[in-house]
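Trainee: For the record, the sequence lines run as chains Y and P. Per this note's numbering: the first sequence = residues 1 to 492. Per this note's numbering: the second sequence = residues 1 to 492.
There are no misleading hints in this set.
Just a sample of chain Y residues kept apart from chain P, beta carbon distances all over 12 Å, derived: (1) T146; (2) L154; (3) L159; (4) V173; (5) G235; (6) S360; (7) Y410; (8) K417.
Label pairs and their computed distance ranges (CB to CB): (9) P269/Y - R490/P: 44 to 54 Å; (10) T430/Y - P180/P: 31 to 41 Å; (11) E178/P - T430/Y: 24 to 34 Å; (12) R116/P - D283/Y: 42 to 52 Å; (13) E454/P - H138/Y: 30 to 40 Å; (14) S395/Y - T146/P: 52 to 62 Å; (15) S91/Y - D283/P: 28 to 38 Å; (16) L174/Y - S201/P: 31 to 41 Å; (17) R199/Y - R116/P: 54 to 64 Å; (18) R244/Y - E284/P: 51 to 61 Å; (19) E454/P - P317/Y: 34 to 44 Å.
In short, the hints are calculated from the structure, not lab data. Ideal Cβ placement from N, Cα and C applies to all residues, glycine included.
There are 2 protein chains.
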Amino acid sequence: MSDPTGREAAQMSRRSAIGIGVGAVGLSAMRGAAHAEAPGGDSASVASVDVVVVGAGFAGLTAARALRAAGHSVVVLEADDRVGGRTKPGSIAGETVDLGGQWVGPAQDRLLALAREYGVAVYPQFTSGNNIVDLAGHRATYEGETPALGPMALAEFALVIGKFEALARQVPVLRPWEAPGVEAIDAQTMETWILANARSSAVRSAMRLLIRTLACAEAGEVSLLAMLAMASSAGGFNEMVSTRGGAQDAMLEGGVWQLAARMARELDPAVVLEAPVTAIAQDETGVSVWAGRRKWRGKYVIVTAPPSLAARIAYRPALPALRDGLMQRMPMGCVIKAHIAYARPFWRTQGLTGMVLSDSTEFGPWFDHSPVRGATGGLVGLFTGKSARRWAERSPQARRDQVLKDVAAYLGDEALKPIDYIEEVWAATTWQRGGYSSAPGPGVLSAFGPALREPVGRLHWAGTETAEAFSGYIEGAIRSGENSAQEVARRL
Amino acid sequence: MSDPTGREAAQMSRRSAIGIGVGAVGLSAMRGAAHAEAPGGDSASVASVDVVVVGAGFAGLTAARALRAAGHSVVVLEADDRVGGRTKPGSIAGETVDLGGQWVGPAQDRLLALAREYGVAVYPQFTSGNNIVDLAGHRATYEGETPALGPMALAEFALVIGKFEALARQVPVLRPWEAPGVEAIDAQTMETWILANARSSAVRSAMRLLIRTLACAEAGEVSLLAMLAMASSAGGFNEMVSTRGGAQDAMLEGGVWQLAARMARELDPAVVLEAPVTAIAQDETGVSVWAGRRKWRGKYVIVTAPPSLAARIAYRPALPALRDGLMQRMPMGCVIKAHIAYARPFWRTQGLTGMVLSDSTEFGPWFDHSPVRGATGGLVGLFTGKSARRWAERSPQARRDQVLKDVAAYLGDEALKPIDYIEEVWAATTWQRGGYSSAPGPGVLSAFGPALREPVGRLHWAGTETAEAFSGYIEGAIRSGENSAQEVARRL
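When you get a sec, could you build the whole thing from the sequences and use the hints?
Mentor: Structure follows, in structure tokens:
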């Protein structure tokens, strides 16, 4: 049986201490409504709701909010000791920042609407000055969105991106597996495509680095179809890699994680933390959902966990082969995110934006992330793919040293003297095991994709991987939550 | 606490009814030795052994047998209601056959030794007569191992296989990730390699069909490195695809599954069925292993479940990122196996072996599997990869109709009148979720491979995927079991 325990209370205080303020969570209100109507349960009493939502990230919270607004009762079961999923607050030099998902683009209307609703201000990514690019041994500075690759390479780069965009336009956003010639497209890696379509080492290197930064996977791991589908879903490759007007256009003051915390507070006490769902059983009248010995009963269940983690739940009856096969084949990307605080944004006085795109560092790319107010400076950056794997098991001190060394190589020795540092090794977190999302390998989307969104009896799927647009983004998680809530509401 | 229950007893009778005769299994003897020394356990008493083995397939049973022979106490926890893993008995026309792994090659010395030990006779695959090949619209018959592709295609086929074998020889059996140029090799699918190295449609088609039959995955799904490693591990591509002298050389009278049943009987009562392991925790003095509420305590644990199923156990502390990442990226292949019984082996009178290799059927390839004694005939064959996905969710009747239709197209209308039929949809079994093994996609083995065999504290890995030779075969499972037992015994 679920009960707010002393441990949960302690964690709530801890959360308040770092400024999240989710509020009291637990099952206090639900206990009043609980009744032991579920067959075969071994709990003394079973909480019963219309819809059980698995996961308190943006997808799950959005779905629960929408269902409740439509008059349905919900419970949101979260494995972790916090809400937000792949968004998470962290504290650095007195500021609260996003340790996970962070940026928002102008086309991401659901996320922007949510920020407006909760009165959280949006401010632009700092882009005044020169970016630095260092690819295939050629280092240069440039303004704006197009990396300075040298005139020849730049022309080829434009051509290659153009080819990719043209292919992406042929991939249906909702059903990438219905793209013309899909088998041949999905039978190759991005690396194979790059080798066949780019000749200069600078363009090949740029493409590999961009793919790795977008997918948190190497070009040699990820399917061409998966990357095309990602671009199609996000409005194009240029939109994905761009700052101004693109997916890295802006951020939320105090962090995007706040929106999840606010939704959870609204849903309180229907959000249950530290309730990792272990089993889901369906029968003719509803679903039973277990987190260890605790059990909930609902008419429907929405699983918002990413496929590779949803695979770790025991389903009764067993899932169809295609769905199980899909969940065996959608690994999370590999990523570590680091924030660095400095006494001042010293790169700005050198006319630099702080942004560096290099193929000769372990860490990177990184971006200016100085606080909106105050005089301090901040950078935020990533280890992705191969680098994330290499550095995930190293000591925090070793990682920090590498980050500072890499940054100093481009922004100067002042980079070696941070006033604070914070990081999140997403590849090693128990309940995410990677990020940002899943970029499957060849042969997966074309063959197993049809199982991605298809409900299985009373079981519906949500989460950014299932989004009808902006899959892989917070925006996609929100949209998937809305969508699954509509699907289920139609059946209630 | 674990107890032999009425349900278990009922299942034991059922097993005896189909002739497995594993004998009484349970914890009856262990209960005497149980003591509640484990910290934090919520069971009244906890069974304590030297080594907890997870999985009662050939790897787990071999490991347990070796450990016990060395004087150590063991318990083998099996999720399913039977032993044998990806081997399994089935009854057809009064004969007991293998619904899973079946063949044995002359180089598979551990499996052959086990058959000798238990007095199970080995008999050769029937190969007298003509095989039929039908690729790229060209149908022909041939004797022996080399498919009749037509003279031009045949020369190219030999060249392509030669190239592949040469590459495979450069892939170290134990450490494929150390092959020269490994990143480039692992950045492409088999399909990409086939397109680059074979020109004729017959050779391309032959390669695709052979890869699919070996890996239970399409050439467009599986990495070139994974296929090279598989060949390297099995003694070469030719050895893998050959009957006489190759991996399909012979079978065991009554089925290879018997060896698992015999090992389990020897280990009785240390084999616990229907005990799906849900969590494994390590501490300084040992390991705790839970199957739901039942708990076992050991000094070490050997997990023999295939990586994609081992991923579904909760580990405390959480596994290293590289190991978890690997388990997210080693999906099981997709396969359905079917046996058909006929009043007589009518193809033999037409001078045919019964073996058909065709790219224009859903089912196939299939082989003669007539009983050693008696006048009846038998065929055995597979749906693999794409076909297995397509047919896994269809009705048994629809599958059977398709199988008979496909067979009749090559062996004649007598094929439409079987006297019995039996099948196993491995892609849909709860505790295997596919077969024969895992053939990972690009970028997996090269990057995550080093975590495949590496113990994590007191946790060791076995299973055919980890074998130092014959990975993917029963032989590999046995070798991995022996190997893990030695690893652990050195620490006891």
